[in-house]
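Colleague: full-length UniProt numbering numbers the first residue of the sequence shown as 1 and each following residue consecutively.
Hints should not be assumed to be uniformly reliable.
[To be verified] Beta-carbon label-pair distances, calculated as ranges: (1) L78 <-> R57: 37 to 47 Å; (2) R2 <-> F120: 18 to 28 Å; (3) R129 <-> H31: 24 to 34 Å.
[To be verified] Mimicking DSBU-like on lysine-lysine, the simulated pairs with C-alpha atoms at most 35 Å apart in a straight line are: (4) K83 <-> K39; (5) K84 <-> K109; (6) K109 <-> K36; (7) K39 <-> K106; (8) K81 <-> K39; (9) K81 <-> K109; (10) K106 <-> K84; (11) K106 <-> K28; (12) K28 <-> K39; (13) K83 <-> K106; (14) K28 <-> K81; (15) K84 <-> K36; (16) K36 <-> K106; (17) K106 <-> K81; (18) K83 <-> K109; (19) K39 <-> K84; (20) K83 <-> K36; (21) K81 <-> K36.
Hints listed in this document are in silico derivations from the structure and should not be mistaken for laboratory results.
Virtual Cβ for every residue (Gly too), placed ideally from N, Cα, C.
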Amino acid sequence: MRQIYMLRNEAIRNNAIDAILSLPIDDKSPHEVHIKEPKRSNPQNRLMWALLQDVSRQVLWHGQRLAPEDWKDLFTALWLKTKKLEQRSVPGIDGGVVMLGVRTSKMRKASMTELIEIMFWFGSERNVRWSDDS
């Protein structure tokens with residue numbers, strides 16, 4: 001049995017509590033209960049890509065014009081640093097080092113909000129004119 005409760009009001013919260021209380025306690029085969037923050041939303045994702053497009057069109061990075069996907073890698077690396085987390089790297093297949101990016105599709109809403117705030121801050125510092133979509 002799989003049951004998901006979106007805690008929007010007291011009644012739903014009480015239903016979730018009742019469901020947990022009704023579960024049998026079994027030391028050998030215990031039930032799992034997962035509590036997660038909501039995943040990032042589609043509007044957040046659209047906003048992120050609009051911001052990345054704006055930055056990509058208007059900002060040169062050390063003399064280079066970067067694609068929105070490249071900016072996403074830079075911004076997520078900065079977000080990791082603000083969280084005091086390390087960006088993962090692995091040895092490349094043919095030598096060198098490959099930096100592994102962050103998957104924003106797996107981010108929670110609060111983390112995505114922080115990432116978007118970083119993009120707004122960065123763009124504002126560089127006088128990016130935000131499009132209507134951003």
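Colleague: Would you list, in rising numerical order, the hints stated earlier that this structure does not obey?
Modeller: 1, 2, 3, 14
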